[in-house]
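Top line first, the protein sequences correspond to chains A and B.
The numbering used here numbers the first residue of the first sequence as 1 and each following residue consecutively.
The numbering used here numbers the first residue of the second sequence as 1 and each following residue consecutively.
Calculated from the structure, these hints are not laboratory results.
For each residue, glycine too, the CB sits at the ideal point set by N, CA and C.
The reader is advised that the hints may include incorrect statements.
[What the hints assert, rightly or not] With the Cβ distance kept under 8 Å, some of the chain A side facing chain B (calculated, not the full set):
id: 1; residue: F34
id: 2; residue: E42
id: 3; residue: G43
id: 4; residue: L44
id: 5; residue: K49
id: 6; residue: S85
id: 7; residue: F89
id: 8; residue: K99
id: 9; residue: L100
id: 10; residue: F102
id: 11; residue: G103
id: 12; residue: A104
id: 13; residue: G105
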Amino acid sequence: GDSVTQMEGPVTLSEEAFLTINCTYTATGYPSLFWYVQYPGEGLQLLLKATKADDKGSNKGFEATYRKETTSFHLEKGSVQVSDSAVYFCALLEGGYNKLIFGAGTRLAVHP
Amino acid sequence: IAGITQAPTSQILAAGRRMTLRCTQDMRHNAMYWYRQDLGLGLRLIHYSNTAGTTGKGEVPDGYSVSRANTDDFPLTLASAVPSQTSVYFCASSEGASGSSGTQYFGPGTRLTVL
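Use the sequences and the hints to build the structure in full.
This is how it looks when you write it as structure tokens:
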């Protein structure tokens, strides 16, 4: 079945460092891909998404490009802030049923 | 706009007891979902409903049941709780099912501990 694999955390960075969180997927066809973020004590919220190959999703300085050749959707940010500390989940949309398949999540801790 | 509300916020429950987690949305979304979140496993789908009156099983449905009597409410029931059901439970909704954008909106979660 469809699956999503993320790099294990925690990822610990200093403020203004460059961030990459790797995400790869296995799926039949070309699913829509998502990054969700969970801030401490809260539910998940959509960060960005891409619906077809070569699309780039972006929001709040974060970017991810849908790479069909490498089945990847890596999350990047050029300069992280303390307020970016959260758990980040990569996900894909399974088939036509609007069911999301999530990765295990990657915890990011940014220190001043 | 409240979005999605869940109740209770947290609960400690004795094994064998029955428990219903409540979820209400005010966005008039057709589809609703229940997930459990466990460390290292991400979110796993328990049950879902594509529209009022219909429900379906997700990845980990055993020990849980749901109902969808109307658009707004989607309660999750544990008929006889077991310690392995200790988890954080998230309710979510989306505008539609098949063919929709896939964006889901999440509630704040219910932290359940079964002793």
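Now the hints, each set against the structure:
1. Annotation: F34/A was flagged as interfacial toward chain B, and the flag holds, the nearest CB pair being 7 Å apart, inside 8 Å.
2. With its C-beta approaching chain B no nearer than about 6 Å, E42/A sits inside the 8 Å limit, and its interface hint holds.
3. For G43/A, the interface hint holds, since its Cβ comes within 8 Å of a Cβ in chain B; the closest pair sits about 4 Å apart.
4. A hinted interface residue such as L44/A counts as satisfied when its beta carbon comes closer than 8 Å to some beta carbon of chain B; here the least separation is about 4 Å, so the hint holds.
5. Taking 8 Å as the C-beta cut-off, the interface hint given for K49/A holds, the closest approach to chain B being about 7 Å.
6. Annotation: interface hint on S85/A violated; nearest CB of chain B at approximately 17 Å, more than 8 Å.
7. At its closest, the beta carbon of F89/A sits 6 Å from a beta carbon of chain B; the interface hint therefore holds under the 8 Å criterion.
8. Interface hint status for K99/A: upheld, as the beta-carbon distance to the closest one in chain B is roughly 6 Å, under 8 Å.
9. At its closest, the beta carbon of L100/A sits 6 Å from a beta carbon of chain B; the interface hint therefore holds under the 8 Å criterion.
10. Because the beta carbon of F102/A sits about 4 Å from the nearest beta carbon in chain B, less than 8 Å, this interface hint is met.
11. Interface restraint check for G103/A: the shortest CB-CB distance to chain B comes to about 6 Å, inside 8 Å, so the restraint holds.
12. Interface restraint check: A104/A against chain B, minimum CB-CB distance 4 Å, threshold 8 Å, status holds.
13. At a threshold of 8 Å, the smallest CB-CB gap from G105/A to chain B is about 5 Å, leaving the interface hint in force.
Of the numbered hints listed earlier, the single one contradicted by the structure is hint 6.
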